[in-house]
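Chain by chain, the residues run as shown.
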Amino acid sequence: MSSQNVSEKPTGPLDVGRIREDFPILGRRVYGKPLVYLDNAATSQKPRQVIEALVRYYEQHNANIHRAIHCLGEEATAAYEEARAKVARFINAPSPECIVFTRNTTEAINLVAHTWGRANVGPQADILLTQMEHHSNLIPWQRLAAEKGASLRYIGLTNEQTLELDGLDELMHDRTRILAVTHASNAVGTINPIGRLVKEAHRNGTTVLVDGAQSAPHMPVDVQAMDCDFFAFSAHKMLGPTGVGVLYARRELLDEMEPFLAGGEMIKRVTLEGATWNDVPWKFEAGTPNIADVIAFGVAIDYLTGLGMENVRAHEMEITDYAMRRLRQMEEVFIYGPPDVADRGGVVSFNYPDLHPHDIGTILDREGVAIRAGHHCTQPLMRILGVSGTARASFYVYNTLEEVDVLVEALGKARAFFSNDTP
Amino acid sequence: MSSQNVSEKPTGPLDVGRIREDFPILGRRVYGKPLVYLDNAATSQKPRQVIEALVRYYEQHNANIHRAIHCLGEEATAAYEEARAKVARFINAPSPECIVFTRNTTEAINLVAHTWGRANVGPQADILLTQMEHHSNLIPWQRLAAEKGASLRYIGLTNEQTLELDGLDELMHDRTRILAVTHASNAVGTINPIGRLVKEAHRNGTTVLVDGAQSAPHMPVDVQAMDCDFFAFSAHKMLGPTGVGVLYARRELLDEMEPFLAGGEMIKRVTLEGATWNDVPWKFEAGTPNIADVIAFGVAIDYLTGLGMENVRAHEMEITDYAMRRLRQMEEVFIYGPPDVADRGGVVSFNYPDLHPHDIGTILDREGVAIRAGHHCTQPLMRILGVSGTARASFYVYNTLEEVDVLVEALGKARAFFSNDTP
Amino acid sequence: MTRPNEDEYARQEAEIDELYREVILDHYRHPRNRASIESPTVSRQGYNPLCGDEIVVDLLVNGGVVEDVAVRGGGCSISQSSASMMSEAIVGRTVDEVESLFGGFTAMMRGSDDVDLDLLGDLEALMGVRKFPVRVKCATLAWHTLREALQELTGGKA
Amino acid sequence: MTRPNEDEYARQEAEIDELYREVILDHYRHPRNRASIESPTVSRQGYNPLCGDEIVVDLLVNGGVVEDVAVRGGGCSISQSSASMMSEAIVGRTVDEVESLFGGFTAMMRGSDDVDLDLLGDLEALMGVRKFPVRVKCATLAWHTLREALQELTGGKA
Ligand SMILES: Cc1ncc(COP(=O)(O)O)c(C=O)c1O
Ligand SMILES: Cc1ncc(COP(=O)(O)O)c(C=O)c1O
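Residue numbers (the working numbering), protein chains in the order written: chain A, 1 to 423; chain B, 1 to 423; chain C, 1 to 158; chain D, 1 to 158.
Just to be clear, a hint being listed does not mean it is correct.
Across the chosen pairs, the derived CB separations fall in these ranges [said to hold, decoys possible]:
id, chain 1, residue 1, chain 2, residue 2, range
1, A, 342, D, 154, 57 to 63 Å
2, B, 89, C, 17, 22 to 28 Å
3, B, 251, A, 309, 44 to 50 Å
4, B, 271, A, 321, 42 to 48 Å
5, B, 416, C, 41, 38 to 44 Å
6, C, 17, B, 330, 23 to 29 Å
7, D, 17, B, 255, 37 to 43 Å
8, C, 111, B, 416, 27 to 33 Å
9, A, 413, D, 114, 36 to 42 Å
10, A, 89, C, 17, 48 to 54 Å
11, B, 151, D, 114, 50 to 56 Å
12, D, 88, B, 204, 43 to 49 Å
13, A, 196, B, 251, 47 to 53 Å
14, A, 353, B, 255, 58 to 64 Å
Stretch by stretch, here's where chain A covers chain C in the computed footprint (C-beta under 8 Å, at least three residues) [stated by the list, open to error]:
id, segment
15, 45-52
16, 132-146
Treat the hints as calculated values from the structure; they're not laboratory data. The beta-carbon is built from N, C-alpha and C at its ideal position, and this holds for glycine as well.
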C-alpha cells in the first residue's frame, strides 16, 4: 500500500490517490509497515509543492524584506506580501492589512491577550471561555484575568461535549469583554456554533476571538460571514511549514491596538527617547519575519484552494463517518463528541475502559499507525471527562478508508496484547 | 564569474571556491550580471546542506514534538532537541537548558524585556543602552522604561563610532538594572569591548544583555568567557533558515523568570482556574515551535563549525581590510567606524557627500551587486552621524576579493551616472 | 518568482533607464523652488521611514490658489526630483486642481491603469518608479506632505 | 535522521518486545501493593504532565526502614508496572538503600552505561523503556514521587 503506487479511482470528493502522490512522507515505512498518519490535528504533512517552494525561495530569491533596494529583496518582499493577500482571500478577510503573521496560533492569541486584552479588560470585566479550550486559548486569558483582577467564566458542556448553550444569557452580559472560543475542538471534534455565539456576544458588546486552529485547515472559513473580531490559526496544521501562524483582526481593532513585540520593521521613526509605530499589519511584525515559510504557506493555501475547501470538508466527513461506524462496532470502545459527523471535524477521540491511551499508541505505532494519546493540551476537558487522556485519530486530505481499516485492525491487536485473559 | 565554476585555489583561511559551490543562489544572475551578494548583515544565504535538511525533515520525519508517542514524533523531538544542544555547544553555553528558541533576535530581546524586565526594573532604575543599538535592542527598553517610569541612559560614541567609555562610571551605578549592548554594530561595524563592559556592570550588580545578531554569525562566541547574562541572535543571519532566533540566558535567570507566551507545551498542569509552568527552556516555548527550521539551523551550525569560526573571522577581516583599502582610494567616499579591521566586523558602511545611498543601491543592483542603503534600523545613530542613511556592504564566508572589485567598479559607475558634470 | 531569462534582463535594463529618465536627472541636478517662503500660509514636514529622508513643504495659498511653493530637505534623486517636479506642477493651480493632481499621481504610482496622463503632464516621467516598489515611497513623499499641508489649511478635509 | 532500512525495522520490532516484556505485562495485569496504607508515615502525589496520569505513594517507614508501601492511581502499563515493581523492590530496604535504587534506576533510564544491574535486580526489565524517550517519564513517575516522599520525611534531603 505504498502511497506512491496507489492509483485507485477517486470515489469521494477528492482524488486521494493522486493527492497522496504529492506527499513524499506517505511513502515512508515505520517498523517495516507503511506509515498511516492519523495525527493531523497535531500537525499535517506537507505536499512537495510546499517543500519545493522553500527550496526555490532559498535557491533563488532569499533576502531580507521591506527595506532592501536590490532585486532579491524586492522579489522576496513581493512574494511575502502576496502570501498575505492569499491568506486574506482564503478566509475572506476584507483586506491583506487585516492579516498579521505570527509563529503559530498560540502566539496569535497571546498577541491579542497582551495588547487588546491589557487595554480593554479591567477588574470589573468578565472573560468568557469554554470548557473545551486548548491550553493556548486558556492560559493567556487566565494570566490576563490574574493580572487585571478580571473574572473567568466558562461555557459548560453537554454529555456529548457540545457547548451547553442553555443559560448562556447568564454567562454573557455587558461586562463580558471577550468571548474566546474554539471553532472546532482538537480533543473531541465538536464544531461550535460560532455564528450564534458571535451574534449573542455582539448584542452584549462582547468582542469575540475564534481559535481557528482546527477549522481553517478543514472547512471553508469566511471571517466576514462569521463576523468574529479575531481569528487565529496555524500554517503547520494545513499543509504549510512550521513556524507560521495567522492572526486575522478587524482593521479598526488592529489600528487601535498597541504593538506587541518591538524592534525592526514595526516602527516609523525612532529617537533616543521614543518611537512611533508603522502602519498595520507591519506594526505587529517586529524583526525579520519567517519569510521563507510564509511564502511556502502561500503555496499550501494554493494547494488547498485547488482542492476546494468544500471538498476537503466532504472528504473528512466521509472518512470520519466511516471511522466512527467501524469503531462503534468494536466492543468496549467509547467515542467522545457529538454522534453526527455534521457536528464534528475530522477528529475521532476514544477510549477503552481499561486500556491506557499511551499503550494503545505504542502498539499502533508498531503497526505503522500514528495517532495521538494524551490530554491533547486540554487538561480541564479531560478532567471533566474523568480521564487522564484519550486516544485520538485525526484525518486529512490524504487519508483513506483503507487506512481506517488498518487503524481498526491495529486496535484489535492492542486490545489482545494487553488483555488480562492472555497469560 | 559564475560561482559554479569558480575553482581558484584557496588563498585565505577558507576555501571560498569550494564554499561557493554549496550556495545555489550564488549561481543566480541579476539584470544579466552574476549576483554579488553583499547584504549579509541583513540576512545570509543558505548552503544546500541547510536546504536539504528542510527537505529531509518534511519528506521523512515531520511530526509535532514532545508529546507524540509515535515514531515520527520521537524522531522529530530528538532532532529538535539535538539542535538545541548544538546551539549550546556553538556558543559554549553550560547546558542546552540555557537555550530558548524564538523567532528572531528581536523576539529574544522582547522576551527578556517583558519577563525579566517587568519583574526587575522599577521606577528608580536606570536602563543603560548605547547610541549604536539596533531598533530591536532599543524600543523594547524604551517601552519598558515608559511603563515602569525607569530612566534610559546611553553610552555615547567617539568620532570613530566606538563606545565612549570615559565617564562610564557616571553612567553605570547600583541603580543600573540592565545594560543592553550590541556585540557588533550592524550599521558601522564596530565590535564592542563586551568583556570590559560586563566586568564593570557586574561590579555594579547590573545585568547584561548582549545583542549577538552580528557577532554569533561572524566570530567565535563563548558566553561563559564573556560572562554575559543574556545573549540573543538570529539563525537567518548565519546560514540558517528564517524564523528562528536564540535567547541564551543563565539558568538561574530563566528559572526565576515568568513565562512570556502561554499555551501548549509550556505548562505542567492546567485547571480551569490556573496553570503551573513547565521546566526551562520549554517554559518559554509556547505552542508548536518552528520545528523544521530549528533542525535545519542545527545543520547551519554544523556547517559553520566545520569551517571553524576562527577561520570565518579571519576571512572576513581579510575581505573587510581589502574593501576598506579599495574604498579609501576612491575620491569622496567616507567610511564610518573604526579604521582598524581588528576592531570591526565584516560590515563597511560609507557615504558620498552628494550621492544618496538609495541611488547608489539602485545603480549597484543593476550591476548585480546587492548592498543595503538606509538607516539599517539605527535611526538614532544616523541622526548622530548627521545623515539619513548610509550605503553598506557586508560580507560572509562566500564572498571574494573579486566581488569587492565588482563593488568598487559599480560604485564608480554610480558616481558617474549622477555626476553633475554630465549634461 | 521564477528565475528571469535573458529577455527578462533586457526588460529590467530598460526599466532602470525608465527609472532614471533624463528629465528626472535634470530635476535632481537642478531642483526648482528650493528656497523657503518667508511667511508661508502653511508649512509641513514629511518623513520617509524607509530611508530616513525628511522634506519640508511651504505653501503660499491665496483665494484657493497655490501662489508659491518651496520644497526643502535631503533625499534621493527620486524624492528630490519628484518634489521639484511637483513644485512646478502646482504653482498657479487651485487647491481643487492640486487635489486632482495628487489623486492622479498617487494612482499612477499604485500602478492603476485608469489615470489621466494628460492631466499629469511632465509628472508622467516618474511612471518608471512604480516598477521599483521600495522607491515608490520616495516619489510620493513630497506629495503626501503637500496633501497634509493642504488638509491642515482646510481643517482636515482637502 | 536518515530513513531506516530493513535491518533497522527488525531492531525496532525487537525493541517493542523489549519494552513490553512478560514481567512488565505481569506486573501491569497483577499490580502489587495497590491497597492504601491506613496511617502512612508519609504520602505523596505525583503527576505526569505528558499524559495527565496521577499516582499516590504511601510509605510506612520505621527506624529508617521502609516497612510498607502502597501505590495507587491510574496510568499506562509502563507506569503501572514500574510502580508495582518499585513497591516490591523497596519493601524492607533502608532509606539509604532506596536512595541508591532510585539513583541506579534513573541512571538506567537516562541511558547511562555505568549502572550496577545486580543492584537493580528485576527492575532491569524496564531497561527497554529507555529506547522510547516519551515513555521514560512513565517509568520514572513512581520513583520520583517516592523520592519526594522520602525528602519530605527527611526534611528536604534524602
Ligand atoms: C545588531 C542587530 N540586532 C538585532 C537585529 C534584529 O534581528 P532580527 O531581525 O533577526 O530580529 C539585527 C538584524 O537586523 C541586528 O543587526
Ligand atoms: C484548537 C487548537 N488551538 C490552538 C492550538 C495551538 O496551535 P499551535 O501549537 O500551532 O500554536 C491547537 C493545536 O495544537 C489547537 O488544536
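The hints, checked one at a time:
For residue 342(A) and residue 154(D), the Cβ-Cβ distance of about 60 Å falls inside the hinted range of 57 to 63 Å, so the restraint holds. Against the hinted window of 22 to 28 Å, the Cβ-Cβ separation of residue 89(B) and residue 17(C) comes to about 52 Å, which falls outside the hint. Range check, residue 251(B) to residue 309(A): about 46 Å between beta-carbon atoms, so the 44 to 50 Å window is met. Range check, residue 271(B) to residue 321(A): Cβ separation about 34 Å, and the 42 to 48 Å hint is violated.
Roughly 42 Å separates the CB atoms of residue 416(B) and residue 41(C), a value that falls within the hinted 38 to 44 Å. With their beta carbons about 25 Å apart, residue 17(C) and residue 330(B) fall inside the hinted range of 23 to 29 Å. As the Cβ distance of residue 17(D) to residue 255(B) is approximately 40 Å, the hint placing it in 37 to 43 Å holds. Against the hinted window of 27 to 33 Å, the Cβ-Cβ separation of residue 111(C) and residue 416(B) comes to about 31 Å, which satisfies the hint.
Checked against the hint of 36 to 42 Å, the C-beta distance between residue 413(A) and residue 114(D) comes to roughly 37 Å, which is consistent with it. Checking the proposed 48 to 54 Å range against residue 89(A) and residue 17(C) shows it is violated: the Cβ atoms sit about 36 Å from each other. Evaluation of the 50 to 56 Å hint for residue 151(B) and residue 114(D) yields a pass: the beta carbon distance comes to about 54 Å. Residue 88(D) and residue 204(B) have their C-beta atoms about 58 Å apart, which leaves the hinted 43 to 49 Å range violated.
As the Cβ distance of residue 196(A) to residue 251(B) is approximately 49 Å, the hint placing it in 47 to 53 Å holds. Between residue 353(A) and residue 255(B) the beta carbons are some 41 Å apart, a value that contradicts the proposed interval 58 to 64 Å. Only when three residues or more bring their CB closer than 8 Å to a CB of chain A does the claim for the segment 45-52 of chain C stand; here the count is 3, and the claim holds. Counting residues of the segment 132-146 of chain C whose CB falls under 8 Å from any CB of chain A gives 4; the rule of at least 3 is met.
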